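Participant: Top to bottom, those sequences are chains Z and S.
For reference, each letter of the first sequence is one residue, going 29 to 229 in the numbering used here.
For reference, each letter of the second sequence is one residue, going 2 to 57 in the numbering used here.
Think of the hints as simulated: they come from the structure by calculation, not from any bench.
A hint or two may mislead.
[To be verified] Result set (DSS-like, lysine-lysine): computed pairs, CA atoms no more than 25 Å apart in a straight line:
| no. | chain 1 | residue 1 | chain 2 | residue 2 |
| --- | --- | --- | --- | --- |
| 1 | S | Lys17 | S | Lys50 |
| 2 | Z | Lys66 | Z | Lys185 |
| 3 | Z | Lys185 | S | Lys50 |
| 4 | Z | Lys118 | Z | Lys47 |
| 5 | Z | Lys47 | Z | Lys66 |
| 6 | S | Lys17 | Z | Lys79 |
| 7 | S | Lys50 | Z | Lys79 |
| 8 | S | Lys50 | S | Lys6 |
Keep in mind it's a predicted model, so treat the numbers as computed, not measured.
Single-letter residue listing:
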Amino acid sequence: MQAEQLAEAEIKSSLLGRKCWYAYTSVGNTPKLVLGRKVPRDAEDLAARAKSAARREARGRVRHHPEIWDNYQGESELLVWCSWRLDDAKGPVTSWDDEPQRCEDGIRGLIGHGIRDVEIGAGWNLRLDFAGGLVLSVLPDHVGPSASFDGNWELWKPLQAYLIGTDLRCEVIDRQNRVLAPIARQDRWVVRRPRAERTSR
Amino acid sequence: MSPKKDIKAIDSIVNKVGLSEAQRDILHELIHGENMTYREIEQCAREVKQDYPNKK
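Isolated chain Z (complex conformation):
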């Protein structure tokens, strides 16, 4: 199986049937959906988060994420940096171009619903159908060397991540930021090389 085919199959299987237990939008109306089993965070992650929380408290900032998020990550986490739209049976609910609060409310509406169908189209267009009737459509529109953002959407798993880049290809990396490649005729990944460090464009 070719790398992109294997990645697509794994992305689909990592999303299908998974229930969304946390969701939010961040700066630029960029959603994150936290899905599936609750995976305990490792000690290093917990320590870094505690440090960050103490800093936030010292600055008098309000906590915005639920307590469970401090201790658990999702079995699958979808992070969308590119254009998206959320629809229900009646039509559009919200999209990346909407008011931030409407985006936040719309995306939070996915919490508690499982994904009942996943479609990945040409150029890594992604469509997620949720039980309850909401449909999230993701359009990778950051393309080429002058894209406003270096990436489109990402699926994070505890051990590896699938990154849809501005070349509309899927790069698979491990948690040590090394690029993975599939083993010929076997549906598993091996480390190919370390990724290049990010530099100013």
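Here the structure of chain Z is known, so what remains is to put chain S in place on it, guided by the hints.
Facilitator: Just chain S, lined up with the frame of chain Z:
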């Protein structure tokens, strides 16, 4: 700013500070709902890099 300008600003900060995708993911979480200025987000990005050195 418009959403697209906001994420362009994030991209600029991520490149300036030199965050990996994993560190960028954490930054995304930390700036949620904070209504930060560009400089505050940049400071947050530097703290992410410092706090999560192994997510390079």
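Participant: For each hint, tell me whether it holds in the structure or not.
Facilitator: Checked hints:
no.: 1; hint: S:Lys17 with S:Lys50; verdict: 12 Å, holds
no.: 2; hint: Z:Lys66 with Z:Lys185; verdict: 11 Å, holds
no.: 3; hint: Z:Lys185 with S:Lys50; verdict: 20 Å, holds
no.: 4; hint: Z:Lys118 with Z:Lys47; verdict: 23 Å, holds
no.: 5; hint: Z:Lys47 with Z:Lys66; verdict: 11 Å, holds
no.: 6; hint: S:Lys17 with Z:Lys79; verdict: 23 Å, holds
no.: 7; hint: S:Lys50 with Z:Lys79; verdict: 13 Å, holds
no.: 8; hint: S:Lys50 with S:Lys6; verdict: 23 Å, holds
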